[in-house]
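> Here is how the chains run, residue by residue.
Number of protein chains: 2
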Amino acid sequence: MVRFLSVVPVEEAVRVATGLARPVGTEVVQIEEAAGRVLAVDVTADADLPGFRRSTVDGYAVRASETIGASEALPSIFRLAGRVSMGAGAPFTLGPAECAYVPTGGEVPEGANAVAMVEHAEVLGGEVLIGRPVADGENMILPDEDFAAGEVVVPAGRRLSPQDVGALAAIGRGSVEVRRRPVVGILSTGNEVVPVDAAPGRSEVRDVNSYLLRAFCRERGCETRFYGIVRDEPGALRAALETAGRECDALLVSGGSSKDDRDLGARTIADLGAVLVHGIALAPGKPTIVGRVGEVPALGLPGHPASTFVVMLVVAGPMLAVLSGDTTDRSRRVRARLAENVPSARGREDYVRVTVRDGTARPVFAKSGLLNSLVRADGLLRVPAGREGFETGDEVEVLLW
Amino acid sequence: MVRFLSVVPVEEAVRVATGLARPVGTEVVQIEEAAGRVLAVDVTADADLPGFRRSTVDGYAVRASETIGASEALPSIFRLAGRVSMGAGAPFTLGPAECAYVPTGGEVPEGANAVAMVEHAEVLGGEVLIGRPVADGENMILPDEDFAAGEVVVPAGRRLSPQDVGALAAIGRGSVEVRRRPVVGILSTGNEVVPVDAAPGRSEVRDVNSYLLRAFCRERGCETRFYGIVRDEPGALRAALETAGRECDALLVSGGSSKDDRDLGARTIADLGAVLVHGIALAPGKPTIVGRVGEVPALGLPGHPASTFVVMLVVAGPMLAVLSGDTTDRSRRVRARLAENVPSARGREDYVRVTVRDGTARPVFAKSGLLNSLVRADGLLRVPAGREGFETGDEVEVLLW
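Protein chains in written order, with the numbering used here: chain B, 1 to 401; chain G, 1 to 401.
Each hint can be trusted.
No copy is singled out in the list; a pair is fine if it fits within one copy or between any two copies.
In silico EDC-like cross-links for lysine to aspartate or glutamate, where the CA-CA straight-line distance does not exceed 16 angstroms:
| no. | residue 1 | residue 2 |
| --- | --- | --- |
| 1 | Lys367 | Glu145 |
| 2 | Lys367 | Glu138 |
| 3 | Lys286 | Glu11 |
| 4 | Lys367 | Asp144 |
| 5 | Lys367 | Asp136 |
None of these hints come from the bench; they were simulated from the model.
Take these sequences, add in the hints, and give me the full structure.
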């Protein structure tokens, strides 16, 4: 089914693309391999953490009430009843006017309800002088204060950070259920496109997009499968898309830069499934296709790398996140002041490449079709469809690469 | 040599740690595997890119001077002398009052010096009417406009982004010289520390730091080698450090939380090399050691995961960057307004865990020694040593995780 649709707003294109995606299945991995993977189910604590009353300082466990009014001039005096060793528990109970030495991380003995820091204590023979009052619970953690039994420690949908992995270790989870890595199939098309190791003939260009797309998808935690540079010939493209559709969770078709080539892409995707969006009110990136091959979501991307990259950030990124089951917002947005006017046409979202230094955003002079701006810029300034650009001095939000 | 030094400012600790590190050696990788690796040498373009005069639109190549004064009412009229195909070059030269169709990305023929967009052209039989003037060079890219022969395309020291890999592909570099991944040796110490799959006895805790450190180092592009949980016993720690020092480019020793344990770490590092910093004016993270085992830089980290993580971000991160030959600043800093007062002691840098939502930073109530704040916060607010905190409404900079 070929539908020639009108250009749609970015928001709608994203809605359609994410609507086509379904989270992939799951697998179990050891936590030392889990960083960067997406947690598939909430992980809860089996037991309280730390599970015992833990001192946060090197000091003396005491009854807080017995330090009321203590000062350097008139300290409270305690009998040193014992010393707690790390990892050995506190096998005694403190009575009135007794204290015990507890190292940082050690257990606070029964009978005590606070820890006075060594800095405020003086040891004289078998006695300890505490020169400052401590409050009930001071310098200690309660047994369930870090995580309580049954509490969600890391929620489903989180792309696991090093800290998350640390928290999983803390509650004793040696392995976790994560989403498998989505497999993204990548096809390059265009008669003008030659492999990277070929010397381009006159007016030919090297295949940049397949490298750009592979690196982008892997950065987002996907596996990639490359189906080569397909000639602008209906049978070849159809065969490649059919194979890729059977083997992958999503497809990215990097178009040639000519209109004929793009139309071939759209017709072939339509024949094998459907084209739902054909053209986005987005610059650069307008000639984008959102569709499916069978039930597999497929994006037809503009031929030029700079345009393709904007579409990857704005449309493909959210789609890959849904496939990955990833609900973490890891986008890097910063606010900055504009150093120059940025004109823009009303009615489309413009993404302007900018550098950001010391809070100042400066547009990179980027003629359409140049690749160097992608390497030189730090990110993209989005000009909403309803605006005719921004002025020097405006505070803007930049999406860092 | 044991040197008991006084607490040093964060800046000095970072200077010492980075001064101990030397960039590791290099290896050659295919560019499809190069994303995230650090480029070891400047990569320059062998030839101009695109290497031919390339149209950035679908349109008609013309002599700009022949469109002066053109309007819809009074268009300039050209004879359609030919059509350029993608990737096939433009094997003809335009004469006066001649034009040629050129698709986006196609070569602009000799004789022409601009391209008029199809939107401003009308074809009538063998003639094309151009209804708007174009300037010299409009809608086309010059042969060396993306990259000129000899120009640096991606500089040494860059951790390669997807876009960088795309640029390498564009200039035909199928492989590049990158730094090998530094090998970081990780040791956990502490008698109270048990493996993750063990049920902690009373007042024992699981080994969180080795997981946190492995994930952190891998996120920074390093390989890691784990030397296990070493008992607080001089011979065991010494043997493990000697082995690790022979096998690794840097060492991270996660201390137990007690003072005795930390002192053992410092003495052992001093015996095998030197301790250069013992204590940093940093909270959390004060009991940190910067030293070397032989010539291999070694950090002794505080036992508590939250403190360790701050030291990793603030001190170890820059050290690993030097080892990696990485000069890219990929830190994620955002400006935000404080929702609450943040008190701090003058004379030390405080790193306060905060959430950031819609431009507002809110401190996470984080008792020293709690792990949950690392999972719940979005990043760290740095309070410089010279300040006594911040007030509600202050604009602050947050280092996102």
